[in-house]
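With these hints in hand, go ahead and build the complete structure from the sequences.
Protein sequences, first through last, are from chains A and B. Counting in numbering that gives the first Met the number 0, the first sequence runs from 0 upward without gaps. Counting in numbering that gives the first Met the number 0, the second sequence runs from 0 upward without gaps.
Rather than coming from a laboratory, the hints here were simulated on the basis of the structure. One or more of the hints may lead you astray.
The calculated PhoX-like cross-link candidates involving lysine-lysine, where the alpha carbons are at most 25 Å apart (straight line), are [as the list claims (entries may be wrong)]:
#: 1; chain 1: A; residue 1: 148; chain 2: B; residue 2: 190
#: 2; chain 1: A; residue 1: 107; chain 2: B; residue 2: 95
#: 3; chain 1: B; residue 1: 62; chain 2: B; residue 2: 95
#: 4; chain 1: A; residue 1: 143; chain 2: A; residue 2: 48
#: 5; chain 1: A; residue 1: 56; chain 2: B; residue 2: 190
#: 6; chain 1: A; residue 1: 156; chain 2: A; residue 2: 143
#: 7; chain 1: A; residue 1: 143; chain 2: B; residue 2: 193
#: 8; chain 1: A; residue 1: 143; chain 2: B; residue 2: 190
Pair ranges (Cβ atoms, derived) [said to hold, decoys possible]:
#: 9; chain 1: A; residue 1: 141; chain 2: B; residue 2: 21; range: 37 to 47 Å
#: 10; chain 1: A; residue 1: 222; chain 2: B; residue 2: 57; range: 47 to 57 Å
#: 11; chain 1: A; residue 1: 60; chain 2: B; residue 2: 48; range: 49 to 59 Å
#: 12; chain 1: A; residue 1: 213; chain 2: B; residue 2: 60; range: 49 to 59 Å
#: 13; chain 1: A; residue 1: 60; chain 2: B; residue 2: 57; range: 49 to 59 Å
#: 14; chain 1: A; residue 1: 89; chain 2: B; residue 2: 54; range: 42 to 52 Å
#: 15; chain 1: B; residue 1: 43; chain 2: A; residue 2: 141; range: 23 to 33 Å
#: 16; chain 1: B; residue 1: 184; chain 2: A; residue 2: 186; range: 41 to 51 Å
#: 17; chain 1: A; residue 1: 51; chain 2: B; residue 2: 198; range: 52 to 62 Å
#: 18; chain 1: B; residue 1: 115; chain 2: A; residue 2: 46; range: 24 to 34 Å
#: 19; chain 1: A; residue 1: 51; chain 2: B; residue 2: 54; range: 53 to 63 Å
#: 20; chain 1: A; residue 1: 57; chain 2: B; residue 2: 202; range: 31 to 41 Å
#: 21; chain 1: B; residue 1: 109; chain 2: A; residue 2: 186; range: 25 to 35 Å
#: 22; chain 1: A; residue 1: 125; chain 2: B; residue 2: 140; range: 31 to 41 Å
No experiment lies behind these values; they were computed from the predicted model shown. Each residue gets a CB set at the ideal place from its N, CA and C atoms; glycine is no exception.
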Amino acid sequence: MRADLDFIVEREEFSLRCEASYAEGIHLVSGIIGSGKSTMALVMASLLKCEGSYSAKGVQRTILSMQFPEYHITSSSVDDEVRSWGLDPADVLPHAGMEGRGELDPFKLSRGQLKRLNLACVFALDPDILLLDEPFSSLDCMVKTRICKAIESRRNKITMVFSHERSVLPRVDSISHIAEGRLVCHGATPDAVSEWSSPPPYLRKALENGARPRNITLQDSMEALCTIRD
Amino acid sequence: MISVRGMIHHLIDIPRLDVSGQRVALIGPNGAGKTTFLEVLAGMDRLREGSVSILEKHPGDVKVGWVGEFPDRTMLFSRVCDEVASSLRFTKVEMKEADRMVLETMAMLGRPDLLTRYTSSLSGGEKALVAFAAAIVNSPDILILDEVDSHLDEATVRMIADTIHRSGIPTLFCTQDMDRAATADNVIFMKGGKVEAVGPPAEVFAPLRDGCFYPSLWRLSQ
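Below, the structure written as structure tokens:
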């Protein structure tokens, strides 16, 4: 499987240039607000026209989980919402921590609950390419940790994580960053870790202290710091 | 900053709470009742039983700058400049003065360029930033922010924090970023509608050390 990007998106004062190639694995894309993370996700989901090309080889199914989970709602009950993805609520709701809540109106849920519901559905579908736009926003750290595990279990598929999460991150295979209208690939981990231009505060601190974490989780930073302290 | 007596409201049950400080953080798992609590404190929902006061006043008598967890749903106007100016126009601030305040606020936030944009063209994070600008533009007595940082990158979060600091406006903020909560004067930890702990960050976080509700920067320094 392989996703090849070579395109430009331009509108008004915004432009985004992406030249990259992603194979099976977990790929983090960072960037400040408005830099084009969601735009890149939309192109990869074939929901936005671009100049140039985007191709996904050996891929049968691509699914996008949008930043605002309320955009996904198409039904008037949680059960029907799960069925709208072609899934059985009995299988999915326990993963969203929502057993017995199938009758609820999705618009009555908190954003955190909606996000959990949406993520439980997209992970259950196990698509070849999964595009996660800000998957961690509105979630508490326990749920974030569970989502990281679900992401990490997709090693043989392509998972793109578009995020500026600052505390709970999954172990990733590559890091890319969007700045000034351009996608910059920092390459594969572990080398990419010290190249990354916008690390979360704990990773920045570890790097400043001379540590060389193998990956981007807090655990990696703690272990790397222990190595130099010993 | 906050005083609560005998509050029973939906799933929230807080017999007594007194919190002081210029910056107060509210933390806890999803579904703890944080948003419901903030809505009562902001005067957006009437309390069913008990009493609350904020800045020693009834919530209805306090000028609150509010940013909710759905910045996308609360946009009222189609142009960013109108959205940021909304609270000024509703209170009949003179047009020229309102324009000046809007421009000054967006300049302070480093994004005057957003003023010419349509709200529908904004990214999710930019919407959160515009909602924050609209909340602070009319110099509120207090800012109440519901997980605004979950939509924002590190640099923007820092800029917002600096802007609040310079404005001197007291802030009550809910966050899932424990490093940021650790910078507050006092922290309230809520779980299942109850206040589990309240006090300075060092006190509140000490018993949370084995779980994930602990600042990652603190863990790193151990």
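Verification of the hints:
1. Only pairs whose Cα atoms come within 25 Å are accepted, and residue 148 (chain A) paired with residue 190 (chain B) is accepted, the gap being roughly 24 Å.
2. Between residue 107 (chain A) and residue 95 (chain B), the direct Cα distance comes to roughly 41 Å. Violation of the 25 Å bound is thereby established for this hinted pair.
3. The suggested pairing of residue 62 (chain B) with residue 95 (chain B) holds, with an alpha-carbon distance near 22 Å, which does not exceed 25 Å.
4. For the hint pairing residue 143 (chain A) with residue 48 (chain A), the CA-to-CA distance comes to about 32 Å; that exceeds 25 Å, so the pair is violated.
5. Distance hint between residue 56 (chain A) and residue 190 (chain B) is unfulfilled; the C-alpha atoms sit about 47 Å from each other, more than 25 Å.
6. A threshold of 25 Å between alpha carbons decides the hint, and for residue 156 (chain A) with residue 143 (chain A) the separation of about 20 Å falls inside it, so the pair holds.
7. Between residue 143 (chain A) and residue 193 (chain B), the direct Cα distance comes to roughly 22 Å. Compliance with the 25 Å bound is thereby established for this hinted pair.
8. At most 25 Å may separate the alpha-carbon atoms for a hinted pair to count; residue 143 (chain A) and residue 190 (chain B) meet this at roughly 17 Å.
9. Under the hint 37 to 47 Å, the C-beta atoms of residue 141 (chain A) and residue 21 (chain B), about 30 Å apart, miss the expected range.
10. In this structure the supplied range 47 to 57 Å holds for residue 222 (chain A) paired with residue 57 (chain B), their Cβ-Cβ distance being about 52 Å.
11. Distance hint for residue 60 (chain A) and residue 48 (chain B): a CB-CB separation of about 51 Å, consistent with the stated range 49 to 59 Å.
12. Look at residue 213 (chain A) against residue 60 (chain B): about 55 Å separates their beta carbons, and that is inside 49 to 59 Å.
13. In this structure the hint that residue 60 (chain A) and residue 57 (chain B) lie 49 to 59 Å apart at CB holds, the actual value being about 55 Å.
14. Residue 89 (chain A) and residue 54 (chain B) have their C-beta atoms about 49 Å apart, which keeps the hinted 42 to 52 Å range intact.
15. The beta-carbon spacing between residue 43 (chain B) and residue 141 (chain A), approximately 28 Å, falls within the hinted interval of 23 to 33 Å.
16. With their beta carbons about 42 Å apart, residue 184 (chain B) and residue 186 (chain A) fall inside the hinted range of 41 to 51 Å.
17. For the pair residue 51 (chain A) and residue 198 (chain B), the supplied restraint of 52 to 62 Å holds, since their beta-carbon distance comes to about 56 Å.
18. The beta-carbon spacing between residue 115 (chain B) and residue 46 (chain A), approximately 26 Å, falls within the hinted interval of 24 to 34 Å.
19. Between residue 51 (chain A) and residue 54 (chain B) the beta carbon distance is about 55 Å. The supplied range of 53 to 63 Å therefore holds.
20. Between residue 57 (chain A) and residue 202 (chain B) the beta carbons are some 55 Å apart, a value that contradicts the proposed interval 31 to 41 Å.
21. Range check, residue 109 (chain B) to residue 186 (chain A): about 30 Å between beta-carbon atoms, so the 25 to 35 Å window is met.
22. Between residue 125 (chain A) and residue 140 (chain B), the C-beta spacing of about 50 Å breaks the proposed range 31 to 41 Å.
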